[in-house]
Amino acid sequence: MSTRRARPLDPRAWIIWAVAANLPLLVGRNPWPLAATLLAVLGVWAAWSTGAAGARWRPLLGLALVLGVVSVLFNLLTAHIGDRVIGVLPESWPLIGGVLTLNALIYGLLSAMAIFSLVAVSATLGATLDWSATMRLLPERMAALAVAGSVAWSYLPRTTAALMEIREAQMARGYRPRGIRDAAPLAIPLLAGGLERAMITAEALEARAFGAPLAPELTPRPWQVALLLGGLVAALTGAFCLALGQLTVAGALLAMAVVSLVAGLFTGSRGEPRLRRTRYRDPVWERPEWIVSGAAIAVLAVQIATLFLDPAAFRYEPYPALTAPAINLPLLAALGLLLVPAAVRP
Amino acid sequence: MSAPGRLTPREEPIVTVSELTYRYPEGDTPALRELTWVVDPGEFVTVTGPSGSGKSTLLRCLNGLTPHFSGGTFDGTVTIAGHDTRHYSPRVLARLTGFVFQDPEAQFVAGRVDDELAFGMEQLGVPVVTMRKRVEEVLDLLGIAALRDREIATLSGGEQQRVAVAAALALQPSILALDEPTSQLDPWGAEEVLAALNRLSEDLGLTVVLAEHRLERVVAHADRLTVLAPDGTVALDGRPRDTLRLAEMGNLPPLFALGRRLDWDPLPLSIKEGRSAQRRDAALGRVPAPAPPDPAPPGGTPVVALQRVRAGWDRNNVLRDVDLDVRPGELVALMGRNGSGKTTLLRLVAGLHRPSSGRVLIGGQDTARLHPADIAQTVGYLPQNPSALFFAETLQAELGFTLKHHRHSELDPEATLATLGLEHAIDRNPRDLSGGERERAALAAVLVGGPRVLLLDEPTRGMDAARKRALIKTLLQLRDDGVAILLATHDVELVAEVANRVTLLGDGRIVADGGPRTVLSGSLTFTTAVNKLYGDGFLTPGDILAGLGMNRSVEPLAGTIEFV
Numbered sequence: 001m002s003t004r005r006a007r008p009l010d011p012r013a014w015i016i017w018a019v020a021a022n023l024p025l026l027v028g029r030n031p032w033p034l035a036a037t038l039l040a041v042l043g044v045w046a047a048w049s050t051g052a053a054g055a056r057w058r059p060l061l062g063l064a065l066v067l068g069v070v071s072v073l074f075n076l077l078t079a080h081i082g083d084r085v086i087g088v089l090p091e092s093w094p095l096i097g098g099v100l101t102l103n104a105l106i107y108g109l110l111s112a113m114a115i116f117s118l119v120a121v122s123a124t125l126g127a128t129l130d131w132s133a134t135m136r137l138l139p140e141r142m143a144a145l146a147v148a149g150s151v152a153w154s155y156l157p158r159t160t161a162a163l164m165e166i167r168e169a170q171m172a173r174g175y176r177p178r179g180i181r182d183a184a185p186l187a188i189p190l191l192a193g194g195l196e197r198a199m200i201t202a203e204a205l206e207a208r209a210f211g212a213p214l215a216p217e218l219t220p221r222p223w224q225v226a227l228l229l230g231g232l233v234a235a236l237t238g239a240f241c242l243a244l245g246q247l248t249v250a251g252a253l254l255a256m257a258v259v260s261l262v263a264g265l266f267t268g269s270r271g272e273p274r275l276r277r278t279r280y281r282d283p284v285w286e287r288p289e290w291i292v293s294g295a296a297i298a299v300l301a302v303q304i305a306t307l308f309l310d311p312a313a314f315r316y317e318p319y320p321a322l323t324a325p326a327i328n329l330p331l332l333a334a335l336g337l338l339l340v341p342a343a344v345r346p
Numbered sequence: 347m348s349a350p351g352r353l354t355p356r357e358e359p360i361v362t363v364s365e366l367t368y369r370y371p372e373g374d375t376p377a378l379r380e381l382t383w384v385v386d387p388g389e390f391v392t393v394t395g396p397s398g399s400g401k402s403t404l405l406r407c408l409n410g411l412t413p414h415f416s417g418g419t420f421d422g423t424v425t426i427a428g429h430d431t432r433h434y435s436p437r438v439l440a441r442l443t444g445f446v447f448q449d450p451e452a453q454f455v456a457g458r459v460d461d462e463l464a465f466g467m468e469q470l471g472v473p474v475v476t477m478r479k480r481v482e483e484v485l486d487l488l489g490i491a492a493l494r495d496r497e498i499a500t501l502s503g504g505e506q507q508r509v510a511v512a513a514a515l516a517l518q519p520s521i522l523a524l525d526e527p528t529s530q531l532d533p534w535g536a537e538e539v540l541a542a543l544n545r546l547s548e549d550l551g552l553t554v555v556l557a558e559h560r561l562e563r564v565v566a567h568a569d570r571l572t573v574l575a576p577d578g579t580v581a582l583d584g585r586p587r588d589t590l591r592l593a594e595m596g597n598l599p600p601l602f603a604l605g606r607r608l609d610w611d612p613l614p615l616s617i618k619e620g621r622s623a624q625r626r627d628a629a630l631g632r633v634p635a636p637a638p639p640d641p642a643p644p645g646g647t648p649v650v651a652l653q654r655v656r657a658g659w660d661r662n663n664v665l666r667d668v669d670l671d672v673r674p675g676e677l678v679a680l681m682g683r684n685g686s687g688k689t690t691l692l693r694l695v696a697g698l699h700r701p702s703s704g705r706v707l708i709g710g711q712d713t714a715r716l717h718p719a720d721i722a723q724t725v726g727y728l729p730q731n732p733s734a735l736f737f738a739e740t741l742q743a744e745l746g747f748t749l750k751h752h753r754h755s756e757l758d759p760e761a762t763l764a765t766l767g768l769e770h771a772i773d774r775n776p777r778d779l780s781g782g783e784r785e786r787a788a789l790a791a792v793l794v795g796g797p798r799v800l801l802l803d804e805p806t807r808g809m810d811a812a813r814k815r816a817l818i819k820t821l822l823q824l825r826d827d828g829v830a831i832l833l834a835t836h837d838v839e840l841v842a843e844v845a846n847r848v849t850l851l852g853d854g855r856i857v858a859d860g861g862p863r864t865v866l867s868g869s870l871t872f873t874t875a876v877n878k879l880y881g882d883g884f885l886t887p888g889d890i891l892a893g894l895g896m897n898r899s900v901e902p903l904a905g906t907i908e909f910v
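Sequence lines, in order, name chains F and B. Each residue of the first sequence is one higher than the last, beginning at 1 in our numbering. Each residue of the second sequence is one higher than the last, beginning at 347 in our numbering.
Derived from the structure by calculation, the hints contain no laboratory data.
A partial selection of chain F residues facing chain B, derived with a Cβ cut-off under 8 angstroms:
| # | residue |
| --- | --- |
| 1 | E165 |
| 2 | I166 |
| 3 | A192 |
| 4 | G193 |
| 5 | I200 |
| 6 | A207 |
Just so it is clear, the structure is predicted and the values come from calculations on it, not from any experiment. Using N, Cα and C, we set each Cβ at its ideal position, and we do this for glycine too.
Produce the entire structure from the sequences given, and follow the hints as far as they go.
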């Protein structure tokens with residue numbers, strides 16, 4: 001089994017890195033930054049995905065590869081525009097009939113690269129984030145949520161194992177899963193078993209003093225909930241606008257999101273807790289964290305500057321005519337810094 | 347509330363249960379009935395009794411999970427170190443009573459060992475310096491310092507239970523309550539946990555209350571044995587030797603059962619005590635006649651054949667070049683330490699795992715190209731956890747589902763249920779059955795397909811004596827009906843009762859293969875308590891009694907659970 005793991009990096013360093021790695025994938029389809037980011041992310045994944053956690057997340061990459069292939073085929077068969085025709089399907093075929101173009105193929109490939117990179121970033125986070133440390137980042141008054149999050153996280157692998165066990169037990173009874181209608185023999189035992197386990201976990205939490213000294217006054221006020229929800233909506237819309245290239249709107253929305261999330265999380269609710277929870281493990285922030293977050297912030301700075309000075313460095317449209325994508329060498333050099341976590345494994 | 351912390355030397359009991367009658371919200375009869383019971387500080391008490399006698403409920407009273415978590419009606423009082431549990435919630439009582447659950451996996455709330463140990467202290471706001479010190483202390487107390495950075499999911503069952511004990515101790519409770527902590531473990535894991543408990547009791551003077559139905563390993567350590575009756579009252583309570591002398595129950599340790607028949611004095615609680623009694627007997631010339639040889643193996647064509655099979659995960663071979671033939675009417679016990687390949691072998695036969703080389707033949711047919719559902723026409727596989735099967739509303743529908751997938755079975759649900767004594771439950775939801783009925787219902791759902799081969803993986807894990815006896819009866823019946831049975835187990839006493847062949851696996855190879863008397867005799871680890879004393883093919887108390895010309899029907903694994 002896995003021996004002593006390398007010390008995980010502080011989750012905050014990983015989160016900054018993930019933001020820097022995701023930005024180029026969201027803002028455009030220029031193949032140069034896409035390829036640079038993908039290579040860097042795969043390098044980091046290769047360095048950090050050893051051991052059991054890596055094995056758990058590897059299937060996700062396989063799924064992303066399948067998704068990528070599907071997206072290429074879908075785009076090739078349905079987008080019948082562009083100047084480089086590479087084949088023709090009979091017009092009478094619904095949806096897919098018409099000319100097949102190199103433009104559509106290339107756009108599909110670029111989208112597939114972006115999807116695959118996004119998934120690779122998530123898988124890297126999944127395999128490397130110290131989940132309980134991440135949950136401890138939440139402020140004191142969200143401690144209950146944090147514990148719920150950690151418990152849910154430790155549940156995931158057990159639920160997968162339970163599903164495998166049930167599937168095998170049913171197959172050994174002659175059952176052959178064929179479609180969604182055959183799901184009951186798997187779903188019902190999984191659900192019932194999950195409920196049983198949830199009861200035991202709830203009992204265990206009680207028996208281990210969970211929630212003991214928390215003052216009841218710590219429930220958030222309605223306006224705090226509103227701020228949190230508003231912040232989340234603003235963040236999502238902002239990301240969407242960013243992807244559409246509406247930079248000003250996106251900037252405004254994202255700034256709003258940050259302000260309302262911070263306000264919602266950190267402003268006082270009714271009263272202070274009578275007894276403060278303590279933390280066993282202090283967050284460790286040492287040289288590797290400084291290097292990773294520093295590099296990621298540098299990448300982010302270059303990216304944001306480039307967005308305003310030379311937006312074409314991120315954008316690319318193979319329609320209507322296939323052209324050569326713009327190259328911005330400083331940006332590509334900066335994206336290379338995304339590889340830094342691969343080198344600083346503590 | 348006063349800080350409980352370390353025990354102060356006072357003579358009053360630390361646990362007082364008086365006139366307690368408790369009924370679960372959905373229960374027809376009380377789970378505990380007019381129960382009065384005390385525990386003195388520093389005592390090591392073992393609570394036993396058949397399934398459903400209220401062992402778990404009584405333990406849950408010690409930290410307030412009963413009645414605060416479970417609801418129901420609660421008459422009488424339970425006081426823990428002077429605190430009436432009706433007025434304190436479990437989360438407050440957590441400082442007084444550390445609790446360890448039966449299932450090593452389901453009770454954890456963190457991913458890593460040190461986070462798990464710190465969890466309760468973080469909740470109670472223990473200062474960081476104290477918390478760090480206590481984490482170090484409990485790591486050493488339980489001998490798990492090497493595991494501190496490990497993910498809990500990667501630990502063995504014995505290691506997990508020691509982590510659970512350490513996590514409970516980190517709050518420095520006065521009482522440690524453990525609900526059948528070893529029932530899901532193999533013998534070595536159970537030994538690790540019990541040795542740790544014994545040390546805690548002797549060195550720290552910790553009060554330990556342990557619910558357990560496999561008494562042979564714990565009675566030597568316990569100061570007191572409390573036996574609960576099926577109706578939720580205290581049947582017997584006292585020093586283990588006195589209690590066991592009076593008890594009429596199925597889970598007597600085998601040597602103790604033998605000692606009672608042979609009038610040994612003192613009655614042996616450990617192998618060591620048994621050995622001196624046996625020497626005294628031998629000196630008096632009371633030596634059993636040689637045990638009969640193993641019966642000849644049944645003939646016939648093998649229904650399962652493994653031919654030079656290699657199998658494993660990634661590039662590690664769990665099984666190497668295994669050859670094994672199983673014939674109808676054979677009950678083969680697969681034994682070996684954890685990771686020796688027992689489960690992989692069963693999975694190969696069920697078609698759930700493919701050999702990397704070699705062939706697996708079922709009824710002469712190579713399984714390489716068969717779907718597990720095709721193999722299931724011949725091979726039945728009983729999962730360890732019967733709940734993995736049930737999804738239908740009634741037992742009849744559950745069996746009907748198996749039948750629908752077995753074209754050749756001529757059995758019908760009613761007859762199958764009748765052979766397992768479940769005919770009364772045909773219209774009930776299988777999930778509502780009691781523990782023992784559920785196990786038999788799962789077996790019925792497999793047997794109704796009329797398998798010629800039956801695979802069982804650790805079927806007696808967590809079973810009490812009565813349920814085990816019911817299983818033994820069923821297995822012997824199936825064996826006599828010509829079903830070939832492969833049974834992976836650590837339970838040597840079960841093997842001694844049912845197997846007509848034992849296959850010992852070591853490091854993925856077959857190390858020994860033959861009749862149980864031949865294979866188990868002289869083994870240091872894979873043998874019964876009786877064999878450790880007498881050797882020479884004697885396996886059960888019945889063998890010794892027969893060898894001495896006495897009536898062999900004692901209550902080793904047999905004997906209904908009744909109380910005098």
